[in-house]
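Colleague: Mind docking these for me? Both chains are given alone in their own frames, and the hints should help you get the complex.
Protein chains in written order, with our numbering: chain E, 1 to 226; chain L, 1 to 457.
Since the hints were derived computationally from the structure, they do not count as laboratory data.
Wrong hints could be hidden among the right ones.
[What the hints assert, rightly or not] Each computed DSSO-like pair below joins lysine-lysine, with the alpha-carbon atoms no more than 30 Å apart:
(1) L:235 / E:102
(2) E:159 / L:346
(3) E:102 / L:346
(4) E:202 / E:131
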Amino acid sequence: MAQVLVIEDDDATAAEIEACLKVAGHHVRREADGEGGLKAALGGGFDAITLDRMLPGLNGLEVVGRLHAAGVFTPVLMVSALSDVDERIAGLRAGGDDYLTKPFDPGELAARLEVMLRRRGWAAQGAPALKVGDLELDLVRHSARRGDRQIELLPMEFKLLEFMVRNAGQTLSRRLIFETVWGYYFDPGTNLIEVHVSRLRKTIDGPGERPLIHTVRGQGYTIDAG
Amino acid sequence: MPVRTWVQDIWRTTTARLTVLYGLIFALGILALLGVVYWQSALYLNHRADRIIKARAEVFMRAGPADLPGHIRQGLAIDGAEVNIYALFSRDGAPIVGNLGRMPPRLTPDGGTINLPPTPDFPNQARVIARRLPWGEILVVGRDVSQLVEMRGIVLEALAWSAVVIILTGFVLGAALSLDPLRRVRALQAAGREIAAGDLKQRMPVSQRHDELDMFATTVNHMIEEVERLMVEVKGATETIAHDLRTPLTRARARLSRLQHALGEDDPRAEEALWVIDEIDAALGRFTAILRISELEARHRREGFVTIDPADLARQAADLYGPLAEERGVALAALGEGAPIEADPKLLFEALSNLVDNAIKFTPSGGRVQVRAEAGPRLVVEDDGPGVPESEQASVLQRFYRGERDRLTPGSGLGLSIVQAIVRLHGFSLRLEDARPGLRVVIDCADAPVRSGHHEI
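For reference, chain L alone in the conformation it holds in the complex (with noise of 0.2 Å):
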């Protein structure tokens, strides 16, 4: 299988899909839980520092015009670390002293505190404060916050790498977790397969684990336990009537037979009775038929089994036939030789020549049936009579299907089935083609791969 599929399919498994959304919700959470530790902790920074500068801006306002600028020379002297911002404008603006160039643009006196983002003068992002002092003059205090851009530095690194893990973790997860039931459920279409191939002994693969995936295969189970049962209740019902009706129709052939013979052959009412005669052969001929296909399924496999020249069966074949194409205006050919097979000839036979005479039956006059034995090896029989239309060709192999081609021929409808038994029985494959034009039927003697019981998982 090729790798692309695979990847697909397993993308496909709900337990892919669940361990990656999984994943998004937690992703989700945790960048809502560090935004909000980012937002509060923002919030307390800014807090403590407004009541900090406020608190350094009350102290400064004590002092007097002659002391102040030496206040704040001295505040700055001591500030190793320079995370304040002390500075005196005159009334027009000017700086007087401190460590600020200019006045904050947006700043007003005696307003609130405002951010102040890194200039020049003082290069890292702060808050400050301004206050209007009695004569006039302007105070500015402020307080570096650039704790605040490296803690949000921190937190998008953080987040940056818990989605990498999260993401990655989830997808590996994810494949890992869905690889065992995406073979389970490889297990169970194989199984599926063959049940709706008609191998109704297959059953679905069941685990220990009692998951959702065995009570489904516990169900499809019992389904086709209980399809297994209808169907043969139903063959045990056909075969039944089949047998049951075969002795009184016997038994009342015999007696219509004698009378036809009794009334001689002038007698109309002769005529009639070998009509009912007719009618019950076909009858007869029905139920022999549905009984041999019980037959052959219930018999084992390679029981009898010889080596045998598939071409020799053909000729045979052609043989047989030969005499009722020739009367039909048919061509009927044997041709090929043969690698030998394992097989049952008479079964074998049998098969090729219900094949050999269906091909004469539906080719009108004037045309070809051939019988070969191909490299395959293989036996096939191929008319160029009208065919089989494609939609029905899966039909044709049913039992007691009538199709359109031979609604106005005699027959049981059976004979495909006669056919498809037997070659079951040898584990071969019967396939119809189109030999256009004609009907082409291959019986594929390739060894049958053999048939595991169960499936085991």
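Extracted from the complex, chain E is given alone in its bound form (with noise of 0.2 Å):
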């Protein structure tokens, strides 16, 4: 449960933001422009910020921009019509944690506010153990154990790996997947980051064990020990 504060001018996306953010249990404060959004965010007290970037007023890069030369730096999620990659780079440069493009299913925008809350969460207390279920990740070795089973992995692999148990339990969509461990916005095609879950669960679930990596049809993947 967060508290997160949603600056947004239009009203549908807002409502719709809204009602997603507190179907997944979250509390929710809608600013409707740029300085009343930057105002709030001052007075603190928010665990996330979704923040629109076009703004009345004050825009979007420009609230970040002076919520972090006062020294606040909650996570930030850019919410925006444009989609060009340059405009995501300058959104993430501008101190957004994430970028994602209108128009949007709130389910994705829960999930990647979800993320991006974990993620604030490992930076101040420190990296939990990364364990689901008896899988456990070294991340100076870069790799995986399974009860007694050591498990080699190559990079990208890891880095995969490691971007599903830092999220344990939550869905994430195949963009999502893609944005955030290889970094790339673009439609990357065919069915290509299904071929990579699925050949990271054939090293992961072994034969005769319980599985951990799951699809949810129509959504993306999670790992969990359920």
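Modeller: What follows is the structure in structure tokens.
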């Protein structure tokens, strides 16, 4: 449960975000313009902010800039109608922690916010034991262990597994995985991510072992000891 | 350009042909003029000679049989220029006195005047007349008309010279006058080729002369403007549709996804919902691709360009698509070492990924796909699948085109358009080749010639 500040000028979009975040159990406060949003954010007490890139008055990039200047580093999810890679990079460079293009599935927004909150959580408390069920990750040796079984992973496989384990229990869309793990912002085409995940699954979920990696059909993938 | 083609082209121009035609007409005019002058002069000279010899014959005939030979001798004696023929023949044609050795064969006494060709007795062209005297002898009087022959010579020479001058001038003038129009036509052709290649910002060059070429160029320019306007409208409409449909589709997908989730895994209706979600995803993918192309086309070149190693990109693409290729039973390999190029690495990687994805998609199990960085520098993606027939290679690059080979394969038909847009943004060029068997797609990264704006003439 977290306190989320939604800075969004479009009422319909704001209502959608609010509804979705409330379902996920978060407290939501909404501000409709840049000045109001900045004031609320500077007031503190929020765990995360969703911020529209285009706002009347102060725009999203300026809001982030001023927050940082004032020493406020609440994680920010930028939401924008501009999907261009350049815009994403500008948004992330200005201090946004993630970037989502309109129109979006509110579920996707909630998932990204969740991922963002967790990342911030590790930073504050130090990395938790990277463990799901009997699967353990060794961040130093970049290897994994399941029970007594030692699992050797390629660098990209380890990166993917680490991302999933860090967000255990959370459904991660293909797009979120591709953007976060690989850092690319285009449509990779034919079930590319599916192949990478199922390959990882073959390595992690050995014969006779309880499956940890699950496909959430129509949505994405999750790792869960269930 | 070879000189031969230039010369051929010059004689194909209207100006050159008209100039030569005018020259020919002029030459015919001069021929007619000189002909008429010659003919009229000949007529006049003959007429004058005839009158003189007739009058002279009258004078001689007034003399008696005894005086006549003396008169003739006297006449010849005072004719220093030797332009006259005076001769007296006996009744049976034997010469009595005068400067003709024998009777001219076609000359009949008391007939008309005839032409006498040069003979040993009188070496010039002459007009002669014969008169029978009352006492039976025959008097022949004639006059030199060799001026006529000289005049004919002069006229012919004038004709020859003027012909030479007219023909030479005609050709030189024709060539000179066509050079400039030809140069302008070349500029028009060059602009036309660029327009045909899809550069609708290009215009036909228009000079300040307002001549027929300018009128033509202006009309074509109006046409292109209209085409460009329509293209922009169609593109705008497509983008608006893509953009506006994305929001409701995304909402519908979210609702459906929640519904499918609520139904649970075992409910057959959840399966239906998933099917619909897949269809919506396909539509959304297409819209995203359309908007992506527009974004790419609107971007400014060389923004965010850095020096990169193409071989590096090839390796990354092979890494990313390796598992997919393996699953399909396709051997994917990255090859080559690269000369560095100036490019936007993320965009170029996107293009390369699209090509690799396509190649894997169209290569049957057991086949191979290579992604190579080659000298040039260029990036090559080659498969040994069914390839693309040469007749289809141009259309494959068109937006939404789905050829014979991908009728059964999912996809938006926009992948290559995205690649094309990225390649254009870089100023590179994209081409398809037959890999015998298979398809080879080449991104030629050699520095494209910097495109100048409008051609000026």
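Colleague: Tell me the hint numbers this structure goes against, listed in increasing order.
Modeller: none
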